[in-house]
Each structure stands twice: as C-alpha cells, then as structure tokens.
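Protein chains in written order, with UniProt numbering: chain E, 1 to 393; chain Y, 1 to 260.
Among the hints, a few may not be true.
As the list claims (entries may be wrong) - Capping the alpha-carbon separation at 20 angstroms, the derived lysine to aspartate or glutamate pairs in EDC-like fashion look like this:
1) Y:Lys-31 to Y:Asp-136
2) Y:Lys-58 to E:Glu-341
3) E:Lys-211 to E:Glu-124
4) Y:Lys-58 to E:Asp-339
5) Y:Lys-124 to Y:Glu-71
6) Y:Lys-31 to Y:Glu-71
7) Y:Lys-24 to Y:Glu-229
8) Y:Lys-58 to E:Asp-340
9) Y:Lys-58 to E:Asp-191
10) E:Lys-123 to E:Asp-178
11) E:Lys-74 to E:Asp-191
12) E:Lys-384 to E:Glu-124
Said to hold, decoys possible - Now the stretches of chain Y that chain E is said to cover, found in silico as 3 or more residues with beta-carbon under 8 angstroms:
13) 52 to 65
14) 177 to 187
Stated by the list, open to error - For the chain Y half of the interface with chain E, some residues (derived, Cβ under 7 angstroms), not all of them:
15) Val-78
16) Ala-84
17) Ser-108
18) Val-112
19) Ala-116
Hints in this document: simulated from the structure, not taken from any laboratory.
Even glycine gets a Cβ: it sits at the ideal position worked out from N, Cα and C.
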Amino acid sequence: MAEAQNIPVGSTTAGQIAVAAESTVATRMSAPPSFDVADFPVPHGREEEWRFTPLERLRGLHDGTAVATGDGLKVDVEAPAGVVVETVGRDDARLGRAGTPVDRVAAQAYSAFEKAGVITVPKETVLTEPIRVAVHGEGGVAYGHQVVELGAFAEAVVVIDHTGDAVLAANVDYILGDGAKLTVVSVQDWDDKAVHVGQHNALIGRDATFKSFVVTFGGDLVRLHPRVAYAGTGGEAELFGLYFTDAGQHQEHRLLVDHNTPHCKSNVAYKGALQGDGAHAVWIGDVLIEAKAEGTDTYEMNRNLVLTDGARVDSVPNLEIETGEIVGAGHASATGRFDDEQLFYLMARGIPAGEARRLVVRGFFAELVQQIGVDDIEERLLVKIDEELEASV
Amino acid sequence: MATLEIHDLHVTVEADNATKEILKGVDLTVKQGETHAIMGPNGSGKSTLAYSLAGHPKYTITGGTVTLDGENVLEMSVDERARAGLFLAMQYPVEIPGVSVSNFLRTSATAVRGEAPKLRTWVKEVKETMERLSMDPAFAERNVNEGFSGGEKKRHEILQLELLKPKIAILDETDSGLDVDALRVVSEGVNRVRETGEVGTLLITHYTRILRYIKPDFVHVFSAGRIVESGGAELADKLENEGYEAYAKHEVDMKGGASA
Numbered sequence: 001m002a003e004a005q006n007i008p009v010g011s012t013t014a015g016q017i018a019v020a021a022e023s024t025v026a027t028r029m030s031a032p033p034s035f036d037v038a039d040f041p042v043p044h045g046r047e048e049e050w051r052f053t054p055l056e057r058l059r060g061l062h063d064g065t066a067v068a069t070g071d072g073l074k075v076d077v078e079a080p081a082g083v084v085v086e087t088v089g090r091d092d093a094r095l096g097r098a099g100t101p102v103d104r105v106a107a108q109a110y111s112a113f114e115k116a117g118v119i120t121v122p123k124e125t126v127l128t129e130p131i132r133v134a135v136h137g138e139g140g141v142a143y144g145h146q147v148v149e150l151g152a153f154a155e156a157v158v159v160i161d162h163t164g165d166a167v168l169a170a171n172v173d174y175i176l177g178d179g180a181k182l183t184v185v186s187v188q189d190w191d192d193k194a195v196h197v198g199q200h201n202a203l204i205g206r207d208a209t210f211k212s213f214v215v216t217f218g219g220d221l222v223r224l225h226p227r228v229a230y231a232g233t234g235g236e237a238e239l240f241g242l243y244f245t246d247a248g249q250h251q252e253h254r255l256l257v258d259h260n261t262p263h264c265k266s267n268v269a270y271k272g273a274l275q276g277d278g279a280h281a282v283w284i285g286d287v288l289i290e291a292k293a294e295g296t297d298t299y300e301m302n303r304n305l306v307l308t309d310g311a312r313v314d315s316v317p318n319l320e321i322e323t324g325e326i327v328g329a330g331h332a333s334a335t336g337r338f339d340d341e342q343l344f345y346l347m348a349r350g351i352p353a354g355e356a357r358r359l360v361v362r363g364f365f366a367e368l369v370q371q372i373g374v375d376d377i378e379e380r381l382l383v384k385i386d387e388e389l390e391a392s393v
Numbered sequence: 001m002a003t004l005e006i007h008d009l010h011v012t013v014e015a016d017n018a019t020k021e022i023l024k025g026v027d028l029t030v031k032q033g034e035t036h037a038i039m040g041p042n043g044s045g046k047s048t049l050a051y052s053l054a055g056h057p058k059y060t061i062t063g064g065t066v067t068l069d070g071e072n073v074l075e076m077s078v079d080e081r082a083r084a085g086l087f088l089a090m091q092y093p094v095e096i097p098g099v100s101v102s103n104f105l106r107t108s109a110t111a112v113r114g115e116a117p118k119l120r121t122w123v124k125e126v127k128e129t130m131e132r133l134s135m136d137p138a139f140a141e142r143n144v145n146e147g148f149s150g151g152e153k154k155r156h157e158i159l160q161l162e163l164l165k166p167k168i169a170i171l172d173e174t175d176s177g178l179d180v181d182a183l184r185v186v187s188e189g190v191n192r193v194r195e196t197g198e199v200g201t202l203l204i205t206h207y208t209r210i211l212r213y214i215k216p217d218f219v220h221v222f223s224a225g226r227i228v229e230s231g232g233a234e235l236a237d238k239l240e241n242e243g244y245e246a247y248a249k250h251e252v253d254m255k256g257g258a259s260a
C-alpha cells in the first residue's frame, strides 16, 4: 500500500497542492454556479468535472431528456416530537440557502423539482432519537430537494436511506445554526439499476459541528457531491464516507470543503472497497483554504482496497492554500490490493478464503463504521458488507 | 502418533514463461516429537519444499505424495492443511492492513481448533505467550505485520506456532535476519513447543547458528532439489566446518552427467 502523504504547511507537491492567487477549484468547473439549468451547457464528457463519469449511464439526467414520471419516488419522514416536517413549494424562501448548484445535473434537479421537503429542528432542541428519511424508488424518474435546518444549539442525527430503483437527481441543504450539532448518515443502498446524482450542501454556523457519513453500496451509477462552507468562525466538519463498488458499478464522490472563514476545522476520511469487472470508484477531494481563512486546520484522506482484478479507482486529492497562516493542512490517498499472498497467509492459518476476505474488508471499514453511533445502521452496514462479499465468491 | 510422509515429491514453478523443476524427488518422514533440520545453499529448493507443503498456489506438484497420518495433503486446500495440523512459519510474512493481531489470532485459533476459544482463558493465554516472547502487549492492537521489524515478524510467527499447536511445524528460515537476542527468544519459543513432544518440527535453515539453540535429531543436506545426505546432529558440525562446497560440486557433477 502506498505511503500516506502528510504535507506540512506551505509545502507544495506538483499537481496536488496549489498555492494560488486564484482558485483553480472554481475555474476548472466549466460554468459558474447557478440555480438555472440553462446556465450550464450539456456536458460532452471531456470537462474536468465530468471526465470520470460515463454520461450515457446518467439516463438523460444531464441533457434534459429525463422527464419526471410523477410517482417514481416515495419519501417517508419519521421524526421525534419537536421536529417540524413540511412539504413546500418551489417559492419557499428557505430553499437553496446552503449552496448553489455547481454542475448541470444539480441545476437540473433544482430547476425541475415540484415540491421540496423541509425538516426543522428548532433552536436548543436536543433529540435523543434519529430523524429517519426513507427514500424509496419505484422505477421512475424523479427530481427532488430536501432541506434540513437546525436552529442554534440544536442537536440531531438524521438518517437518509435510499432504496429501490430510481433515476434521481436531488440536492440536499444542511443548515446549522450557531453551536448546533448535526450528524447525517446518507445510505445509498439502491437496486442494481438505479441512478442517483446529487449535491449535498452544508452551511456550518459559528461553533457548529457537522458530521456526515456517506455510505454507498448500490446503484448502477451514483455520483454525489458533498460540499461544506462555513457561516461563522469555530465551525467543524467531519466528512466520512464508505463505498463498496461491485462489478459494473460507478460510484463517484466529489467533495469540496471551502474554508471561507477563519478558525474552522475539517477532517475528511473516505474508504472504499472494490471488486469485479468494471467496478469504478472515483473520489475527488477538493479542499480550498481561502486567503481570509486564517487558523484553518484540515486533513483529508482516501483509502481504497481493491479485492479483484478488473476494478478501477481514480482518487484525486486537491488541496489549495491561499494563506500560510493556518494550523495545519494535509492529505493522503492510497489504493492497496488484497492480493494472493495475503490470502495465502490467512489461509495458511486455517482461515477459509471467504472468511479471510471478510476479515480484511471488515477490518478495513471498521474504524469508520464504529464512529457512526447509530446501532441499527452500523449493524446493517456490517451485514451488507458480508452480503457483498458473499456475492463475490 | 502424527506422521508427515513425503515421498518422491516433484515440484515445478513457472518463471519467465518457462516451467522449471525445483524439487526433484524429495523423500522425508517427520514424526511427532522429532526435529529435522534441512540445510542447504540458497536456491537448493528448501523454501519451495516449505511452501509446497503448505499449498502455495505458485507451485505445481508434478509427482510424488505427501500424507499426514495417511491423509492426502496434496488434495487439501491451504486452509484445510492448516486445520489438519500443518503450520508454516514464513520467512517473509506479509502485511495485512486493517486486521489487528488480536483479531487475526482469534480468528485463526477458532478456525484451527474448530470452536472459538473461551474469551477469558484466551486473553490470558495470548498475554502469557506474548510475555514469554518479550512482546509488548500493545502489539496485539497493531495490524498484522504492518510496520513490524524483522524480529517482530518472526516473534509473531512463533506466537502463532505456540497458540495454534500444530502437529507438524515447518519453520522456513525463521533465523534469518535475527540478531542474537531475538534468535534466542524465538528459539526458546520453538523449544517450548517441542518440549510438549506433540509436534514434529521441520527446521529449514541456511546457517548452523540456530542449531545451537534448537538441537535437531536429524540433519538433512538439501541440494539441487533433493536430500543428498542425512545424518544426526553431527552432520551440522561438518557443515559448519566445511560449508556446502562439497555438495555444490556434487551438484555440478550430476548436472554434467545428465547432459553428457
């Protein structure tokens, strides 16, 4: 396994860390952010933000040909007392405040949804049970928008669970008031044919803490774009992700942490396992430390474990620093193989081949799974990992 | 009494698009309680013998038989061989990221013993065994072989040997790369297992140094893919004084004869 890189403040590595006067993160997008799909040209596949994505498998989400079918998606929200759950129209002023769509499909979702969901945890409300959002696809095309807003000093755990079959483009806004604490677990447990594209925007208030787990198992194509920005000093973001990419699946996670405010922290850790022909995982980790963001402390890491031949990983960490007045900034990316020698070693100790694989993959994911803190989700993930492994043998 | 019987074993390996015969008819019987040292120059096929017995997929058995208590070892998968009682302490143990030593040991012991060891006695057993091998308890939380020094890797192999209690232990150059202190600690571990009288040991080594700590009952000289001389412990002294040259010459003569 390649060694992790930990780059001290101010040093540069060709192509990976840029100390730039002008942001390349912004300029390498093919159009500026916009809520209107018409502001984005239809991608042809060679653009920086689309070059890893098989456009033909987006089922028309990128070129305007995917028309919503009306009854393609069921959304059920289960929330403890004190939480306000609403369905609102397009003109509701609370929509779109955490971030602006940065690519054509996110803008398409924003331009095409008819109703949006708004979940509000009032200020100083501390929940002891998670809010559960079940998103179930029933084979149609759908566009959606969801807002989760926590008032000042509110605390909540939200589990968004995607199952079934759908062609879905949907964005999510997370808005954290001052001192709020939000943990979000987004599980993409789709059927094999599903297509899911979305932009997740988090806007973190002063001294607020945002913790996110993005867990992707299913789907033919899943492309998510978790983004974080800060609305006040002292904000913290922890972005964790797990993916298990099988034969023929394309799973793409493109992160951006925009350190646009002084004295904020971010920690990114994504781990993926891949197996089978044509399994393709893409991880883009953009961290931007703007000139005004003094006192920033950030670290990002991506690890991949390739279990069989025929799988492919593209992992691109990109750290861009516009000020040297920071606490720390580092990144690491490594892709390792579970190879025949490792398998032989474990089997030579009496461990059957299937169990040897399970041991390695469970061990690989364990440190992230254990941090989720929602028991039934943790347990389900471990069961799911085992199922994925069973299917491979 | 457990007995490993190797008869006329022939093994080939694929290298550079060619099939090369490495073992050319090995005959050896190892009984429970006995210690056999196999000595020979580099490239003579000693390690190939070790890995072939354990079932490494790189090696192809082209002839001969291997049985453990009459059971055909060559028909068993790698894990079946281990569960049948064969253990190979490897010369170059591989790193397994994400799997802690403690998890690995317990999974392995569960597989070999056929049931999960009782947690309380197991923790004690591991702790005491590690202490005897002068291993820091923190070792158990590290990933298998990841970042281990050469000496730590070998101690970890012997730790497994002590915990898994095989019928036949094959030690592939366990002494190589160890300083004198580590060699002593590792040898003591092997001797503890030997003293039980329940294991047959096949000690593969290039040097006579380890034989000062682990006294063999039999010494076999390996050259050009087979055993060319067998004797008692005194044969090791002869090798210590004279080296392998006599056997290397023998090998050249044989090759010459074959091509003539």
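Tested hints:
At most 20 angstroms may separate the alpha-carbon atoms for a hinted pair to count; Y:Lys-31 and Y:Asp-136 exceed this at roughly 34 angstroms. Pair hint Y:Lys-58 plus E:Glu-341 holds up; C-alpha atoms about 10 angstroms apart against a cutoff of 20 angstroms. Restraint check for E:Lys-211 and E:Glu-124: satisfied, since their Cα atoms lie roughly 18 angstroms apart, inside the 20 angstroms limit. Pair hint Y:Lys-58 plus E:Asp-339 holds up; C-alpha atoms about 13 angstroms apart against a cutoff of 20 angstroms.
Under the criterion of a C-alpha separation no larger than 20 angstroms, the hint pairing Y:Lys-124 with Y:Glu-71 is inconsistent with the structure, at around 34 angstroms. Note on Y:Lys-31 and Y:Glu-71: the hinted pairing holds, with a Cα-Cα distance of about 14 angstroms set against a maximum of 20 angstroms. In summary, the hint linking Y:Lys-24 to Y:Glu-229 is supported, as the alpha carbons are separated by about 15 angstroms, within the 20 angstroms threshold. A hinted pair counts as satisfied when its Cα atoms are at most 20 angstroms apart, and Y:Lys-58 with E:Asp-340 qualifies at roughly 10 angstroms.
For a cut-off of 20 angstroms, the pair hint linking Y:Lys-58 to E:Asp-191 is broken: about 39 angstroms separates their Cα positions. Between E:Lys-123 and E:Asp-178 the alpha-carbon distance is near 9 angstroms, which keeps this suggested pair within the 20 angstroms criterion. Under the criterion of a C-alpha separation no larger than 20 angstroms, the hint pairing E:Lys-74 with E:Asp-191 is consistent with the structure, at around 15 angstroms. As the CA atoms of E:Lys-384 and E:Glu-124 are separated by approximately 36 angstroms, the hinted pair breaks the 20 angstroms bound.
Figure legend: the stretch 52 to 65 of chain Y, annotated as covered by chain E; annotation consistent (4 residues with Cβ-Cβ distances under 8 angstroms, at least 3 required). Requiring three or more residues with a Cβ within less than 8 angstroms of a Cβ of chain E, the coverage given for the stretch 177 to 187 of chain Y is violated, as only 0 such residues are present. A cut of 7 angstroms between beta carbons decides the hint on Y:Val-78: the least distance to chain E is about 4 angstroms, and the hint holds. Restraint check, Y:Ala-84 versus chain E: the minimum CB separation of about 9 angstroms is more than 7 angstroms; hint violated.
Taking 7 angstroms as the C-beta contact cut-off toward chain E, the hint placing Y:Ser-108 at the interface holds, the least distance being around 4 angstroms. Because the closest C-beta pair between Y:Val-112 and chain E is about 4 angstroms apart, less than 7 angstroms, the hint holds. For Y:Ala-116, the interface hint is violated, the least distance from its beta-carbon to any beta-carbon of chain E being 13 angstroms, above 7 angstroms.
Hint violations for this structure: numbers 1, 5, 9, 12, 14, 16, 19, all remaining hints satisfied.
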